Amino acid sequence: MNPAKIQISARQLMLLKLTGITGVLFLGSIRLLTITAGAQGIIAIAGGGIIGLVILYLAVTVAKMFPEQTPFEFAQAIYGRWMGSLIALSLIVYNLIISAMLLRDLGDFLITAILPETPISANILLMLGLVCFGVYLGLESLAYFNEGFSPLIFISWLIVIASGLLRADFGWLQPLFVVEPGRLLLSTVHSGGLVVDGLMVLLFYSFVTDKHQVLKYNAWAIVIATIIIGAIQIAVVASLSPNLAKTALYPVLELARNAPLGVFLERIEALYLALWIMATFIKISILFYANCLGLTAITGVANYRYFILPLALVTLYLSFQADSVVQSILFDAIFNQYALLYDFSLLLLLLLGGLWVRKPIKKRVARGS
Amino acid sequence: MRRRRGRREEETAHKVPTPQPVKEEEDVPLSPDIRKNIARLKATLGGSDDIVFREFKINNASELEAALIFIDGLTNKDHLQRDLLAPLMLFANQTGQAEWASGRRGFEALKSRLLTMTEIKDASTLRECIEAVLAADAVLLIEGSERAILLGVKTWEHRPVMEPTSERIVRGPRDGFNELFKSNIALVRRRIKSPYLRVKYARVGRRTQTDIAIMFEEALADPALVTEVYRRMQFMDVDGILDSGYIEQYIEDSPYSPFPQVQHTERPDRVAAALLEGRVAILVDGTPFAIMVPATLSNFLPTPEDHYERWLLMTGVRVIRTVSLFVGILLPALYVAITTFHHEMIPRQLVLTITAARVGVPFPAMVEALVMEVTFELLREGGIRVPGPIGPTIGIVGGIIIGQAAVVAGLVSPIMVVVVAVTAIGSFAVPSFNVGLALRLLRFPLILFAGAFGLYGVMAGVIIILMHVVSLKSFGVPYLAPIAPSNSQALKDTIVRAPLWSLTHRPKPFHPREERRIGRPHFMQHKQDRGEQDEPSEDPN
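Protein chains in written order, with our numbering: chain G, 1 to 369; chain H, 1001 to 1541.
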């Protein structure tokens, strides 16, 4: 009955990850994929899925070494106070950039798609306020919220994909395997970054009750996410044509807008958007929450809620750094390429460090001292 | 200055002395001297005219003094006359007990041979006697005895068992709780004839000393839940409890939330159903409303008859009810958002109709919606307060006349009147009054959000509400369970109502001690399980 330590289930973590990956697809990721891989984006997505599984395995292996600690805490346990704090800080900055990027993308999207007369700052501020409220209520509430709503988000994707495929011209996908290997590799790395979804498993592994299920559930999350992204990619290219998929600012929105159900109710996409905005809220809140945890680990302050407002101000500042939509899109494209590299490097660093630290302990245990 | 002091003195002089609750120092043992005991009781209970001190002699010849103390109007005087005064005053001599009635042995004999009452208890302190008198029992003091006899002779005017007015149903039992606490307990016990049904009495309220009963099925209820209920009740240090609503507000988890976290009902069948799910019920003397904990949001949406009718029909009704919940909270906000920001979402013909209807309306849609909603709330509140049959008339006449007049005057559009009316009907379709109330309240900020940010604002409002709802807990149980955290078994009885025979398990969120509640129905039994019944019966010839 007493409020114990915050705990979520492996299934809830899986749903958070799935929402985190698929919920923000409407913001422009699909266009980036199409630009780099053309009609063959599906191959890159499949490759990205495999990369995602490898990274997941790596993340779970690292998290298992310190099952009761967040990466911010065990980075310090491995590398000491200063070096560990530096690594934790890098993770915080990484999450901050993603949060700010998402906020900015959402603001741009809203003024482009549904609220052309509302200032972007107002849209961003409203979302940031929601995120602060969500983070204030904590991880458990975010997980419950997502558990209740993620089925609707997936249903919305299914409708959009199905309605897109109904009017698809699969000739647009021909011929396969004509994209140059360099671009395909770049696209694979990009989609890998999408499917991996940062380091969510690593960040929240310590809060999971049934830890033995994490790998299985999250592997499923990556498989399902890969299928959804692949299906959207196919639907976008085959329904809108590769050229429109590359040139449209938000191809997924175009897909939803032209869906048969949309013709019946005219601009039904606003209803899908409502659900996708919820998903964006979840994704930003989760990253924000992780950052608050990181700062508590570094500073030793007991209550993470003290960091909500300062972090919100920093995120707000960062989200206004891009002068225009174009600049914001360019930054997204560049950052996405390096995101996967950062994920991989951090995991490797923690894995090697963890093995180094745990080896003497194991030896001592074996000796019985 | 002097005048002010004079007035203060005057006020003090006329001030009615405030009655004090029984003090610790009054917890003194009874004296063998009956005069002393009577004097102490009179001093504490004051000069209240409704408190009767009936002094008499047990068996006139013995000169053994006794006194009966009770509150006039709260005790059954016929009962006292027939089963106490008559045996003691007239027949004590015949039984030969009066001579030794002052001793310990005599005291016991008096109880066991002379008093023909069913409820008898001993008291040895003044405090116990005072509390018994105030709780409508009678107290018998006897000269020479250091103990008193407390006699359960409570009786007062009360409503009979009637159909509950706030939870009417088409099919199902018609009996409802009344203000008599023990009668309410009996109504529940009549339904659950289990040896594990536990009823624990307690008294709450410093001055009201209200009787409450905590009921639970020991074989089903989570012991941690029962302990938690006791713990929260222990911390209730209040002046008075006049309704179960007081207790509800003291024991709920989040007092600042608009959503109720404790369920109340007037129906004994509903309490019985809750007990069978492993929940705990609290019955309070003087009110027909029992409360049940824990309560999740899905507990507030069904009605008892959902389980009395066939599952397919009730599933349909529940889906309609869920839709009405969303209509009740979202419709005006969606209307404002779409007409203000997203005209392109609506079919062209409908846009033209709405635009034509709004021609000449001087307010933006948001103001129009707010004005209409406030007016509707005024009508509803006014209709409730107006006495007797005029209330509903005011509601209907006011609604029609004001709505029509506002449209004709060009203050609001006819479509807005339709939206507000449909919203009101939607909120009425929610079975729980307090959830409906919360929805009515939350509609206003949502309209403001919609007026400022369109659908994005509505979504923001919904996120805030839902985040708040998922963060709530009722006695440790997540408020949105079994949707989040999800539980497939319990989900069968939320938005849909699966067949009764498929509801094989009690709702897991309540952590019942025994999870399985039913076996398989006849049509699911394996042929072998049915045994020889299916075999053709042998011809005896």
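Please note that a few of the clues may not be correct.
[Said to hold, decoys possible] Pair ranges (Cβ atoms, derived):
| id | chain 1 | residue 1 | chain 2 | residue 2 | range |
| --- | --- | --- | --- | --- | --- |
| 1 | H | F1428 | G | A162 | 34 to 40 Å |
| 2 | G | E117 | H | Q1349 | 56 to 62 Å |
| 3 | G | L165 | H | R1174 | 42 to 48 Å |
| 4 | G | I155 | H | F1428 | 28 to 34 Å |
| 5 | H | P1223 | G | G300 | 34 to 40 Å |
| 6 | H | P1347 | G | Q327 | 34 to 40 Å |
[To be verified] Listed next, the stretches of chain H that the computed footprint assigns to chain G, with coverage defined by at least 3 CB atoms under 8 Å from CB atoms of chain G:
| id | region |
| --- | --- |
| 7 | 1208-1217 |
| 8 | 1478-1491 |
Calculated from the structure, these hints are not laboratory results.
Small disclaimer: the values here were computed from a predicted structure and weren't measured.
Using N, Cα and C, we set each Cβ at its ideal position, and we do this for glycine too.
Legend entry - Given coverage of the region 1208-1217 of chain H by chain G, checked by CB-CB distance under 8 Å (3 or more): violated (count 0)
Legend entry - Coverage assertion for the region 1478-1491 of chain H with respect to chain G, Cβ distance below 8 Å, three residues required: holds (count 6)
Inset, instruction - Kindly confirm whether 34 to 40 Å is satisfied by the beta carbon distance between F1428/H and A162/G. - result: holds, 37 Å
Legend entry - Hint check for G300/G and P1223/H - Cβ pair distance inside 34 to 40 Å: holds, 38 Å
Inset, instruction - Could you tell me whether the CB distance from E117/G to Q1349/H stays inside 56 to 62 Å? - result: Violated, since E117/G and Q1349/H (Cβ atoms, about 25 Å apart) do not stay within the stated range.
Legend entry - 34 to 40 Å as the expected CB spacing between Q327/G and P1347/H, which holds or is violated: holds, 38 Å
Legend entry - Range agreement (Cβ of R1174/H with Cβ of L165/G, hint 42 to 48 Å): violated, 56 Å
Inset, instruction - Could you check the hint for me, namely that I155/G and F1428/H are 28 to 34 Å apart, CB to CB? - result: Holds, at about 29 Å.
When the structure is compared with the earlier hints, violations turn up for hints 2, 3, 7 and for no others.
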